[in-house]
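Line by line, the protein sequences are chains Z and D. According to my numbering, the residues represented by the first sequence are 1 to 432, in order. According to my numbering, the residues represented by the second sequence are 1 to 143, in order.
No lab work stands behind these hints: they were computed from the structure. It is possible that part of the hints are untrue.
Straight-line Cα separation of at most 30 Å, DSS-like style, residue types lysine-lysine; simulated pairs [what the hints assert, rightly or not]:
#1 K23/Z with K4/D
#2 K414/Z with K424/Z
#3 K409/Z with K226/Z
#4 K409/Z with K431/Z
#5 K23/Z with K107/Z
#6 K4/D with K414/Z
#7 K385/Z with K98/Z
#8 K385/Z with K409/Z
#9 K142/D with K4/D
#10 K399/Z with K431/Z
#11 K409/Z with K142/D
#12 K26/D with K414/Z
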Amino acid sequence: MSGYYEPEIECASRDEIADLQNKRLRATVRRVYDNVAFYRERMDRAGVRPEDIHTVGDLHLLPFVTKQDIRDTYPYGMVACPMSDVVEMHATSGTTGKPVVAVYTQKDIDIWGECCARAIVAAGGSKESRVHVSYGYGLFTGGLGLDHGGHALGAATFPVSSGNTQRQIQIMRDLGSTILCCTPSYAAYLGETVQDMGVQGELKLTAGIFGAEPWSEEMRRDIEAKLGIRAYDIYGLTEIMGPGVAFECAEQTGMHVNEDHFIPEIINPETGEPLPDGELGELVFTCISKEAFPLIRYRTRDLCVLSRRPCSCGRTFVKMAKPMGRTDDMLIIRGVNVFPSQIETVLLSRGFSPNYQIIVDRVNNSDTLDVQVEMNADMFSDTVKQIESHERELIGDLKSMLGIYANVKLVAPKSITRSEGKAKRVIDKRKI
Amino acid sequence: MTIKQISVFVSNMTGGLADVAEDIGKGGVDIRALSIADTTDFGILRLIVDNPDRALETLRADGYVVSVTDVVAAHIDDTPGGLARVLRILADAGIGIEYVYAFVTRQAKNAYVVFRLDDGERGCRILEENGVRLASPDEVYKL
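Same shape as in the complex, but just chain D (with noise of 0.2 Å):
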């Protein structure tokens, strides 16, 4: 099970950031985690939102690049090592993460943490398989 993610072309300038979550504010588009990746000239900005569709037109009509990646959002125990087997699992079926990013809820007891898998369909299956429960779109939207 997979949700979608928007990621965002910033240029390394003050003030770029701000106006992509300004363009994304006034879509009406909620943002529930956020994690950036940077180099010396831009950034890359990735989002997990309310609602990904309208985020991504409200982004695109105001000439912004985006894409929109596949990604596993797993729910993680809040507790010491609770990461660590959820990574241990994928290491030793050898799936590696592109990336990952971390978040919490506010009402519930764990974390969610999203992972870009170079091989999504297997990680998917292998983390299920080992009791790793992942979150769907609509439970990850209307948190």
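The shape of chain Z in the complex, shown without the other chains (with noise of 0.2 Å):
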């Protein structure tokens, strides 16, 4: 059983946490009010002041920010800090519009770390850790954001980024790293080439902190499988903080949001009304700490459940289930939702590998949806008609689970493209 980072706050009574919400919601909701254009506006066009806001009982009064709203302002219009007291930025990708621009004030760095830390500690790390680093480093969010919790741990932290995975494993095998931070999808390659290579038994890892992509319960044992390890989802986004917003323990049953300093609602994601804990909605977040860039309730886009049924190990923060999507990365194929996850969870659960790509196309008016996936030794045959047999299973299975038709494509192995950041797993070729 792993110790805590911080066991007075992570193990605090719900009393308290609701204390500490209440008293520093309230001190946000004026901050951006008289420091941020954009949300003084918004809440005067909504009615609502920051005198109207008491409790977290009172956040459904207050607009939601949106990521547009966020592009709109762009870079700096939702700093609630002088510029001056910024130390650090960060942004995303931008692959779908205009970059999200992060800013942190050094004690929204110090917080962060703190978040990460108590991430790493779960997942059975301490200041003995080596704490090897393989999100990419730079304006992404997973490399510094994992450095500064293993700084702030005071555990020894690699800072690999990325990338060139012979010498990843070589750092691995020669300097001892224990805790692997890093993407699933990089994770399982990882595994498979330390499989490939025969090296697990040189290896010291015990653990590894997993984000910044959807991820299933069968690709999680596969990782652990390969890695000799246990794997622990982590949760965060550039928008809110970066990874670290939530983490999972022991029990490996979803996430513990880090409450003190963010606080999680769901909502119906078309009315936009909150729903009660245990409901599938969209997961929106309040920051109450932060000083230079506090969202108040942003919508996340990512669909998931709440629960606060007590957990075994001790933390009482409520814990968020493993996103099952995002609102964005839903696809509809012929009327229906279908989710990357959902493919996901069948191809691991009949042995094919967690590298496939999902194809959707539309042809003579109709959704096509191709699933690719690489053969492997245990589905392979000497015979056609054996080969067809596992195919037409694994189609039975997909249309069980998503509801309608994909036509399987099996390919050689280790030909669809390793990511070393976030998996490309969708392309889609309709042009509507």
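Need the complex rebuilt from these two chains, each delivered in its own frame; the hints are there to steer you.
Right, here's the structure in full:
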């Protein structure tokens, strides 16, 4: 059983957490109203004043912030502190439009480090750990976020960054990395390479902290088996902070939200109405301790469920389930909602590799869904009949999971490009 | 008596087969016979080679998906009706053929036909009882 980084907060009573949240929420709302024209205008238009917000229960009175709002105020329109207090900035890749720029004061960075340190300790880490960070360093929050966490904890932190898989494994072997931090798809690839090289026995890895993209329980088991570790999920987004907004504990049944800094809500994505705990909806976060870029009721587009069931690890923070997809990752194929994570679950349960590609196209006004899967030794046979029977089983499983027909195409091993960061799983060729 | 056949997964794209063949050549392995089963998406390349172990090792090391299957290589008289006689023996015994391919040798007067049978053990026995000579591994590998 691992310990805690800050037990007095992580295991505080719900009353203590509520008091802290209410106090910080009031102060943050007041501050953004006074300092950020965007919030002042929005709140005035909604007819809500800072003094109307007393407790977390009043959150629903406040307007939402969307990604579009951040783009509209690009780059510094939502900064709530003097620019001279800013010490670091990060940005999203901007593949879907203008990048999201997030800025941080030194206090913001310290809190970020603490949040990630909590995640590392929850994964069994300590000051004695050797934290191997294979997330990309740079504008992406993954690398520096976990780096700040390793430093806060006082652990030896290896800023390896992404890429050069052979060298990653060499560093793990030679320098005795104990905790690996990267995207789950890269962890799976590292695991595959470690197995190919037959060096699993020479590694000292005990745990991995993997986030920045959706992954399934099957993928977790695959990574755990290949690397001989326990694999923990971590959640975050640049808009809110980066990795460490929520983290998994030894129970591995969801991620504890660092509620002393972020208040989560689940809303109906269509109506914006708050939903009770346990219902699936869009995750919304309010930052209550950030100085530079404190977003209020930010709509993440992640679909997930919150649970306040007591956790065996002793932490009292609410838990969020693995997001089951994003409102904007969701594919609508022949009118049916399809999430890449559902396809991944089926593939892994059938023993296929977690490297796959989903190709959606429109032929004669009808959507087509092709799933490319890599052939492996267990599925291969010298007869077409047998391979096709595996293929049919897979198509049957996909049909029952998705409710629509997916064409399976078996391709050669390692022919699907491996990703060293976020995997590109979906190619949507439809021109609508 | 059976011999070892190597099967390789080949994706259906230009150059896919060339890649496999080059890999085998690089490993110093000589191909005795081959056949391909193809579907719209992929092919299964089936090979009889002089050194199955080396072929397996080379292909696996280079990331190919490979399997080994025991197949029967029967001598067939290189005369009209030679193949038919052997097929009739199998049919009469109720033994099904999964697939079959043939090769001729440089020196001998007869051809070999490779069978993958649904009941390999009984198939071998029936063929031998009916006077069909089955090739030994050494005989095929050292051709």
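Quick rundown of the hints versus the structure:
no.: 1; hint: K23/Z with K4/D; in the structure: violated (76 Å)
no.: 2; hint: K414/Z with K424/Z; in the structure: holds (15 Å)
no.: 3; hint: K409/Z with K226/Z; in the structure: holds (25 Å)
no.: 4; hint: K409/Z with K431/Z; in the structure: holds (22 Å)
no.: 5; hint: K23/Z with K107/Z; in the structure: holds (18 Å)
no.: 6; hint: K4/D with K414/Z; in the structure: holds (26 Å)
no.: 7; hint: K385/Z with K98/Z; in the structure: violated (50 Å)
no.: 8; hint: K385/Z with K409/Z; in the structure: holds (15 Å)
no.: 9; hint: K142/D with K4/D; in the structure: holds (13 Å)
no.: 10; hint: K399/Z with K431/Z; in the structure: holds (25 Å)
no.: 11; hint: K409/Z with K142/D; in the structure: violated (38 Å)
no.: 12; hint: K26/D with K414/Z; in the structure: holds (20 Å)
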